[in-house]
Amino acid sequence: MYFPNLSMKPKQLKMSRKWINFLPLYVAYISLIPACTNKQEQSKQQDSKSITVSAAEIRPKYVVVNSWLDDFQNFKTAIDQNDIDKQKTYFNFPVNADTTQIWDAVYDSVSEEKHPATFSSTFTENDFIKHQQAIFNTEFIKSLAQVNTMELSKKSEYISPKIKVNSDSLYMIANYDKATKILQLSVNHPGKTDEYGNYESEGEYAVIYFFKVRENKYLLFDKILFAG
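With numbering that gives the first Met the number 0, letter number 82 in the sequence shown gets 81, and the count goes up by one each step, no holes.
Derived from the structure by calculation, the hints contain no laboratory data.
Some hints here could point you the wrong way.
Stated by the list, open to error - No more than 30 Å apart at the CA atoms, straight line, and that leaves these computed lysine-lysine pairs for BS3-like:
(1) K161 to K180
(2) K87 to K163
(3) K75 to K180
(4) K85 to K161
(5) K177 to K141
(6) K129 to K222
(7) K113 to K154
(8) K180 to K222
(9) K180 to K141
(10) K153 to K113
(11) K60 to K113
(12) K129 to K85
(13) K211 to K177
(14) K60 to K191
(15) K216 to K141
(16) K154 to K177
(17) K163 to K85
(18) K113 to K180
(19) K75 to K163
(20) K60 to K154
(21) K222 to K163
(22) K180 to K87
(23) K222 to K191
(24) K153 to K85
(25) K177 to K153
(26) K191 to K161
(27) K85 to K222
(28) K75 to K60
(29) K113 to K87
(30) K60 to K177
(31) K75 to K141
(32) K211 to K129
(33) K141 to K161
To be verified - Here are the simulated distance ranges between beta carbons:
(34) E124 to A178: 27 to 35 Å
(35) E214 to K113: 36 to 44 Å
(36) D79 to K211: 17 to 25 Å
(37) A178 to P115: 36 to 44 Å
(38) K85 to E156: 22 to 30 Å
(39) K113 to T76: 27 to 35 Å
(40) E150 to N91: 27 to 35 Å
The C-beta atom is built at its ideal place from N, Cα and C for all residues, glycine as well.
Generate the whole structure from the sequences, applying the supplied hints.
Encoded structure:
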């Protein structure tokens, strides 16, 4: 509580009363300074986060292609991230379905009575969008992820470790033929062992994806074949 000094002169007393009247405004002003400072700090932090997110968004997810191995790595990324638009760049639509067994891949896990009576002789871009998950199914995605690109570059072949997908054991063989410039990605389903531990080849098969390598750089889907 402020008590005026009675010894003050009238002019001084008048000035003190004016200061008392101004005091609430001054206190309010002082109390606003920390709030403004906090808002400024929050704004700076938000701006910093925005810059970080923006940088992550514009960072290219695909490497510059200088060799077919670069494009293979990009293909792996497109498969892993389910980037359908990028996956489409590895096809030249429409694909000639008569020599590719691509429709067989689409309906491989579908009961035969649900197969169409006839298949189109071509496989279009719209067909790919509709059946992309059947072409690049879980077995393909998970086994492809196991392929070591660096090791493939050294020997032109890589056999991935075996993995379990839906209780089935499988692995991928990636092979590049320099003479024909063909990359094969083979999803292999090995046979099983009986109750006595004896190997049984029944049920052993492979789904092989063929890619042509253009200009020693770019992969282009050629066909799918079933073996076994």
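Hints numbered earlier in the text: which of these fail when held up against the supplied structure? Violated: hints 7, 10, 11, 14, 18.
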